[in-house]
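Let the sequences and hints guide you as you build the complete structure.
Add 12 to the 1-based position in the sequence shown for the numbering used here, that's all there is to it.
Heads up, none of these hints are tricks.
Subject to a maximum C-alpha distance of 16 Å in a straight line, what follows is the list of computed EDC-like cross-link-like pairs (lysine to aspartate or glutamate):
id, residue 1, residue 2
1, 186, 274
2, 48, 219
3, 186, 270
4, 142, 226
5, 186, 275
Quick list of simulated restraints, FRET-style, between CB atoms:
id, residue 1, residue 2, range
6, 183, 48, 45 to 55 Å
7, 142, 318, 35 to 45 Å
8, 45, 297, 41 to 51 Å
9, 145, 23, 46 to 56 Å
10, 297, 146, 53 to 63 Å
11, 138, 34, 16 to 26 Å
12, 298, 241, 29 to 39 Å
13, 301, 74, 25 to 35 Å
14, 277, 204, 28 to 38 Å
15, 281, 71, 22 to 32 Å
16, 189, 75, 17 to 27 Å
Quick caveat, the hints were computed from the structure, so don't treat them as lab data. Just so you know, these numbers come straight off a predicted model, no measurement behind them. Each residue gets a CB set at the ideal place from its N, CA and C atoms; glycine is no exception.
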Amino acid sequence: MHAPDGFLNAGTAVATGAVSLGVLAATLRNLGTSLKERQAPLAGIVAAFVFAAQMFNFPVAAGTSGHLLGGALAAVLLGPALGSVVVTVVVVVQALIFADGGLTALGYNIINMALVTAFGGYGAYSLFRKVLPANRGGVIGATGLAAGLSVVLSAMAFSLEWLFGATAPVPFDKVFGAMVSFHVLIGVGEGVISALAVSAVLAARPDLVYGARDISVSFKRGAGRVSRRVFVIAALVVTLVVAAVVSQFAVDSPDGLERVAEDTGILGEANPLEGSVFSDYAVAGLENPTLSLAIAGIVGTLVVLSVGWGLIVALRRRKDKTV
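What follows is the structure in structure tokens.
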């Protein structure tokens, strides 16, 4: 879903950029009055995990791959507002440091990968929670279903953007059908990964899961508990393993958006930062591909962790100064 430059016309790029900036500005302003200090470490860890997990492309069908988007997962763990900001950090770092996704495409990449998946995904999660049991299984099940649906919503969002910003003579219905069909399959993987991640957090620190805050105190007390420091360290270790080791097993097949572009003849433009030190998740000049990917993954994980954590700390300090 990382669209390159030139996928949509300039007017659409500007419009989506303005929408993204406006929504994020309002979100950050509201977060500045509601953030709690304990959310900063978790926000950084979630951002880092989403980045690391996105490095792993899993096969789906017909020579196509998919990867985690993470918006619904972040929303369940942090709330939709903070979740959208966290995934935005990931998308921006990927574009600026790893040349993954275009610079002029940041507006619609943020909308599709962060805003739609976080807010739309959490909306779906809330609906699923109403019909599923109010227990651990209900939270996990709702997470998986909502995460899968969020991928389809993201695909639909790009299709609608194509309707207004097409740069090739490819009809809307063809793009819409191809995007949705591929991303329904990718959504299965998204749902499984998200459900497993939330299950792990519920087992260790259920009090940190935003989407489970309505569950009874007795359930939370009955779950395993570890200290916040131990949880953060363990989560960081797992995230670094995903970035440095699990990423080595990613398939080389094009992802859903890339496959649709190939099949329909949609052309993009190269990121002007292509060829930078960590472009394409590799270290320039390092000939060992395994080591190159591992170093790039670790660096990216730590950068995203620092930016995500630092942003929340900065918002908290700003709140304290204005009180």
